[in-house]
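These protein sequence lines map, in sequence, to chains A and B.
Going left to right, the first sequence walks through residues 618 to 847 as the working numbering numbers them.
Going left to right, the second sequence walks through residues 618 to 847 as the working numbering numbers them.
Derived by calculation from the structure, the hints in this document are not laboratory data.
For chains that are exact copies, the list does not tell them apart, and a pair is met inside one copy or across any two.
Pairs of lysine-lysine, DSS-like flavour, derived with a Cα cap of 30 Å:
1) Lys746 <-> Lys816
2) Lys816 <-> Lys768
3) Lys675 <-> Lys816
4) Lys693 <-> Lys675
So the chains spell out like this:
Number of protein chains: 2
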Amino acid sequence: MKNTNKAKPAADQVSELTTNRLSVYLRCLNLLDAAGATTVSSQVLAEQFHLNAAQIRKDLACFGEFGVRGVGYYVKDLKRHLRQILGLDRQLHVAVMGAGNLGLALADYPGFRQEGFAITALFDTLSAKVGRRSRGGVPIYDITELGEVIKRDRIDIAVIAVPADSAQHVLNMVVAAGVKAILNFSPETLDVPPGVKLKSVDLTVSLESLSFYLARNEAGDHEEAGDARA
Amino acid sequence: MKNTNKAKPAADQVSELTTNRLSVYLRCLNLLDAAGATTVSSQVLAEQFHLNAAQIRKDLACFGEFGVRGVGYYVKDLKRHLRQILGLDRQLHVAVMGAGNLGLALADYPGFRQEGFAITALFDTLSAKVGRRSRGGVPIYDITELGEVIKRDRIDIAVIAVPADSAQHVLNMVVAAGVKAILNFSPETLDVPPGVKLKSVDLTVSLESLSFYLARNEAGDHEEAGDARA
Numbered sequence: 618m619k620n621t622n623k624a625k626p627a628a629d630q631v632s633e634l635t636t637n638r639l640s641v642y643l644r645c646l647n648l649l650d651a652a653g654a655t656t657v658s659s660q661v662l663a664e665q666f667h668l669n670a671a672q673i674r675k676d677l678a679c680f681g682e683f684g685v686r687g688v689g690y691y692v693k694d695l696k697r698h699l700r701q702i703l704g705l706d707r708q709l710h711v712a713v714m715g716a717g718n719l720g721l722a723l724a725d726y727p728g729f730r731q732e733g734f735a736i737t738a739l740f741d742t743l744s745a746k747v748g749r750r751s752r753g754g755v756p757i758y759d760i761t762e763l764g765e766v767i768k769r770d771r772i773d774i775a776v777i778a779v780p781a782d783s784a785q786h787v788l789n790m791v792v793a794a795g796v797k798a799i800l801n802f803s804p805e806t807l808d809v810p811p812g813v814k815l816k817s818v819d820l821t822v823s824l825e826s827l828s829f830y831l832a833r834n835e836a837g838d839h840e841e842a843g844d845a846r847a
Numbered sequence: 618m619k620n621t622n623k624a625k626p627a628a629d630q631v632s633e634l635t636t637n638r639l640s641v642y643l644r645c646l647n648l649l650d651a652a653g654a655t656t657v658s659s660q661v662l663a664e665q666f667h668l669n670a671a672q673i674r675k676d677l678a679c680f681g682e683f684g685v686r687g688v689g690y691y692v693k694d695l696k697r698h699l700r701q702i703l704g705l706d707r708q709l710h711v712a713v714m715g716a717g718n719l720g721l722a723l724a725d726y727p728g729f730r731q732e733g734f735a736i737t738a739l740f741d742t743l744s745a746k747v748g749r750r751s752r753g754g755v756p757i758y759d760i761t762e763l764g765e766v767i768k769r770d771r772i773d774i775a776v777i778a779v780p781a782d783s784a785q786h787v788l789n790m791v792v793a794a795g796v797k798a799i800l801n802f803s804p805e806t807l808d809v810p811p812g813v814k815l816k817s818v819d820l821t822v823s824l825e826s827l828s829f830y831l832a833r834n835e836a837g838d839h840e841e842a843g844d845a846r847a
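Sequences and hints are given; from them, build the entire structure.
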């Protein structure tokens, strides 16, 4: 197939760490915009949000010339560019597999809606759940309706929030239904065929970074432990 | 106060990105150990788990000399060292604020237990929930019992899983009860006093990295899109 988009780097040439940082920059710009800031330099952005100014400039340079000499970045412009780079300039449709506590929490997670993701369907196997809705109003379908609903709702991303022992089976069903991007919350290591992107979220990593902080500060100097970085 | 731990870098000199990577290395070593591997080189570790070999060596070098020339790393040894660096060589006690879907899901999240975190308490304000337990058996207390339970259970880390509009209030209560490390799942920007470590988890970042992948691959070359990186 012909590459119709030569100017931009392909998805597999940009690391996930970079796209994660772009997401963080976008979140910071949203806050600056809401606070009424019209321009910001990489230095100020770095200082306010505990980021690295050189890294910001390097990350953004992969995608174009967004800075203006003597001004920095125009907040609204850079927001718009980042949303475009991240593919957020159109609505993406998301289905959540599993209507247990985690699935229900994710279906109603306010951050997803704020960034323009539309969570349109939950799936479960329990007949007691099928036909009901999450608190936020997302309908729960029987997993046998998967293929039909994924086509009808034009689902772009499936979120796996089922118990570990059925995660691979559910992933296979979602892939067979044509979904090309999967966000996995199960602790299992899952396999996807070529052409499908799998991203696994390991919530343990966040707790471990707090564990590290506690261990160091108990061993070290408590007076300098203050660090309100979010 | 005297710094009793000069050899090791203090918590605020090691970036969260580094501790996040150490967590990822530990997860990889767990998998290698379970698969029966006794040694691994930074190159093999990098190739198998799509990491960066130079980065692995650099991160580990901050904490000591773990590699053996011509061998690489002994898997069990490096696991033990990483658990020690991350403060996982003792049990940490965790309380979850909010017994809604997210709080209940986090209280029973299997990954936390696997790494040795003990989730001992959930807190809520709804009398219908207080006195009950999560599916995994974590008791739900009334928030008025917070101070008492935190002291009794020796809570090290509090997880904030309450609605955005009460997140700062609940955080203040937890800090007043003496908790020094907080994991926040609310989309609000929260303030903590000096000496308290706050880490916010933004689940939107994960969805946005999939959005980026979909946008690039629709624009670009589908044939080379296959990427099973987790």
